[in-house]
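Colleague: The primary structure of each chain is shown beneath.
4 protein chains.
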Amino acid sequence: MLSRLRGGRVYDLSVEYFIGMPSWQAAGDPHYRIWMTHTPHGTIVDDPLGTGKTMNGHVSYTGAAVSMYTHTGTHIDGLAHFGLNGRIWNGFEAGEHLGDRGWRVAGMENMPPIVARGIMLDVASAKGLAMLPDGYRVSREDLVAAAQRQQVRLREGDVVLIRTGRMLHYEQAAAYMANPPGLGLEAARFLIEESGAMIVGADNLSLEAFPSELATDYVPVHTYLLAEQGAPIIELTWLEDLARDEVYEFAFIAAALKLRGADAAPFRPIAIPLR
Amino acid sequence: MLSRLRGGRVYDLSVEYFIGMPSWQAAGDPHYRIWMTHTPHGTIVDDPLGTGKTMNGHVSYTGAAVSMYTHTGTHIDGLAHFGLNGRIWNGFEAGEHLGDRGWRVAGMENMPPIVARGIMLDVASAKGLAMLPDGYRVSREDLVAAAQRQQVRLREGDVVLIRTGRMLHYEQAAAYMANPPGLGLEAARFLIEESGAMIVGADNLSLEAFPSELATDYVPVHTYLLAEQGAPIIELTWLEDLARDEVYEFAFIAAALKLRGADAAPFRPIAIPLR
Amino acid sequence: MLSRLRGGRVYDLSVEYFIGMPSWQAAGDPHYRIWMTHTPHGTIVDDPLGTGKTMNGHVSYTGAAVSMYTHTGTHIDGLAHFGLNGRIWNGFEAGEHLGDRGWRVAGMENMPPIVARGIMLDVASAKGLAMLPDGYRVSREDLVAAAQRQQVRLREGDVVLIRTGRMLHYEQAAAYMANPPGLGLEAARFLIEESGAMIVGADNLSLEAFPSELATDYVPVHTYLLAEQGAPIIELTWLEDLARDEVYEFAFIAAALKLRGADAAPFRPIAIPLR
Amino acid sequence: MLSRLRGGRVYDLSVEYFIGMPSWQAAGDPHYRIWMTHTPHGTIVDDPLGTGKTMNGHVSYTGAAVSMYTHTGTHIDGLAHFGLNGRIWNGFEAGEHLGDRGWRVAGMENMPPIVARGIMLDVASAKGLAMLPDGYRVSREDLVAAAQRQQVRLREGDVVLIRTGRMLHYEQAAAYMANPPGLGLEAARFLIEESGAMIVGADNLSLEAFPSELATDYVPVHTYLLAEQGAPIIELTWLEDLARDEVYEFAFIAAALKLRGADAAPFRPIAIPLR
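Chains as they are written, first to last, in my numbering: chain A, 1 to 275; chain B, 1 to 275; chain C, 1 to 275; chain D, 1 to 275.
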């Protein structure tokens, strides 16, 4: 694939992080925060390094810190994020392997950089919409129709990104978070079992639509992909530029922060179109 | 350059994040923290989504959150990190553009993904050492000698990464942080002004060596690169695999988290060797 | 006053801190967070002190950490919280005294413990209501009527706590936070200038009602009390037990956490009825 | 006791919170952090409430946030902090009662305000020292000697605070934290079982001295007091003013923040001498 890289445009598939941004908040997880630990003026007042007022007036120091749920912004869910009956992918059991600082196995430090063929399926556009309706559940047929319209064929090992158009609401956090459209379970099965996708992602908050299709599992697409198929999930991708330029096939290059023990990590994927 | 990508190995240039990891702590900045917000068992006790005990026992939920100084782990310093006399690169003044949530201009959300030729200069090996001594200041001559030994020629637009060997201490935070070897000012000038480097980086804590060469500036390499040359700085890169395989020229691909207003951001760069 | 302390009941005037609790969130401040840093089981897996599995199974270690805006839960606003035209009480100017870690003057470490006569004015009950209506602005007349009904007379140095009844909504954060009733400016003047109150507080989110009575100041009661009168403000007090028992006069004893440089701090005041 | 309160001086038994302060850091717990969320100038740049530049220049807004391990600064350990063999005081088992947000039983929200007789035993002064030596383990005899010298007799229900003098190092965090003197197990037994103390505290980091007296328990004084006796522990108290004034008997008044589910909470105790 690397020999087919088209020069020129590199597409940025990531959203920005800012106070007030959308994130998964329904279960009480930390919202994104950023704060200043050093400012040019504050440093003059505080003198944290003991260099004195003249030095601090000359050398203008800015530093910032952040805190966030690991599922904030464009990110990838690792296999530890959801298991079934106390066990994650590979049969690892929480009681044995999960400490107060994360999993001793299957943490994000083990996820390699991803350099793979990427396919974007623009379901919204295939349905003639700017954005799929609230709560809409993308079906197997929707995916087939989008692939057909785009004349792309999925292959073993692809990273498949589904566009719902939800990113049009990204700067309005409440609108983005409330009842998003998402992937249905049958559609997920189609991507993995019929089409050979390695990783599935989308431009919405949590990949799938709510409420669940199953009475016994409130996140069946997550448990199917992560716990049953060993397939990571990418969420909150920015697909608007690809959609505008009708770029459906590309090198997908991304590497998640190696947060030891974590079940997910932010990253900033890029897409380079293929010849 | 993309047409010269060699298939096969992708080199991961990033370190892991964990409690106790080294970071810039001299000025009181936050150490890296990770904590669990959801665990399979805790979810049964807390029931944060109100789904009930049976559901929580079946769907095993793990979630983690992190906090960190933006200069933690492998990261890139943006142009707002250090200015001179209250102004950063482009003449932006803190009083006008710096709020409590970062810079309204020149924040990390403006830094594009980096796809460029990367060159690793293995100064430690060129000097016949596993690791440069504590406090050693890499000179222009050291860089010239390393490039000559490696038979690489620097070019306009390169990302140049200096290997001091300091990563051998990475898992011993105190040893890694104490008095690291680093880049001298003349060497930095050589990279930018003579060699055309776009970005300079290293495998140590803060690129440069301390104490400063100048009485009037405690971080002269930082202010030279960021404030005078508009050149970002990469720190804490993992260069050991490249060194072992003697890979000195590669496609450097990296994209920093788009932390709005921030002066730096973590990322996980990769290197793909060139033919 | 201390000689008049009645034995027996000590009233707790503080609310609980928990994930999802109400707090001032309109300007993007951190919500309350708590997380576990050590659990009996996690310690067995992590072994953070290197004491081994047997020891960790025997000695069952729990540790928790928290983060919060300093105005979270029952707390007191110090004089640095709001100033006018860049200056806080005593004329201290932010440019000179405010660093990245707080004020070098007038921080909460300077606020002494409070042992004073406390008076609770139950305005809601005086108006025959369980809770004042949303957005209701407590007037001078309301305070006079409540004091008269309770047969209390305010004195120089009192801590005066106004009950709006809003605490009935405390466990429903959205209801508690939305458009609370609060103190009007004229009523605040009455308490300070006519009645000699040293500190004014209430059971609502921000003492005053919104939107502001003044076009030129969005928090006129805060700037009046803090910046013009040098009077701290207590918010989010639990007055329900005092109201139920019709305890209107008491020893108010409280000491805010000595957060160096902070503009506010949480505390847990108590009331001991007087003979 | 309340009828014996002496007017006049109120003693503040709390230390200040600041970046760089000592805290329990050996097991990777969060250091104290404070940061600004609003500053008078930053608010003008950010305009977080949309009130505009003129308004933000007139109404000067300061806000700060904090994060900390709950055992930071002057604080009290609740009964959930240490158990034995998976169970805390009252036989509560972590597997049943401990979620990701703390204990569902025995959390700090259940600890009532403390209004009790306080006794300070100045062991350092009794031994003719400004400060007990590093690692010194206070014995039963030391306590008896100090009580005798001070002519105080312990009674059922007392809060007993042991002065080691360690606070002389408080502003030098490394010195304060390294190998502190502390209470021995036999001395703890004397206080609880022979003397009837309700709560035991000290001016050092962790009450007891290290390494442990027992091979099977690395914190035997903690497990004895918390898990076996149901007695909370107070740490990091400021006793220097009491010592200077030779005030050994007082009303101890304190109320810990009601952190739901937490195993400890900061507070700011005061002492009012008795007649």
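It should be emphasised that the hints constitute simulated quantities derived from the structure, not laboratory data. Each hint should be verified, as a subset may be incorrect.
Since the list can't tell identical chains apart, any single copy or any two copies may satisfy a pair.
[Unchecked claim] Listed below are the simulated DMTMM-like cross-link pairs for lysine to aspartate or glutamate, each with C-alpha atoms no more than 25 Å apart in a straight line:
{"no.": "1", "residue 1": "Lys53", "residue 2": "Asp217"}
{"no.": "2", "residue 1": "Lys53", "residue 2": "Glu213"}
{"no.": "3", "residue 1": "Lys127", "residue 2": "Glu228"}
{"no.": "4", "residue 1": "Lys53", "residue 2": "Asp134"}
{"no.": "5", "residue 1": "Lys53", "residue 2": "Glu171"}
Since this is a predicted model, take the numbers as computed values, not measurements.
Colleague: Confirm or reject each hint.
Modeller: To see whether the hints hold, each was checked on the structure:
Taking identical chains as interchangeable, the C-alpha atoms of Lys53 and Asp217 lie at most 25 Å apart only when they sit on different chains, with a minimum of 12 Å there against 60 Å within one chain. When the C-alpha separation of Lys53 and Glu213 is checked against a cutoff of 25 Å, the pair qualifies only between copies, where the shortest distance is 19 Å, while the shortest distance within a copy is 63 Å. In this assembly of identical chains, the alpha carbons of Lys127 and Glu228 never lie at most 25 Å apart, being 30 Å within a copy and 51 Å across copies at closest. For the homomeric pair Lys53 and Asp134, neither the shortest alpha-carbon distance inside one copy (56 Å) nor that between copies (29 Å) is at most 25 Å.
Taking the shortest alpha-carbon separations for Lys53 and Glu171, only the inter-copy value of 23 Å comes in at or below 25 Å, while the best intra-copy value is 40 Å.
Of the hints listed earlier, those the structure fails to meet are numbers 3, 4, in rising order.
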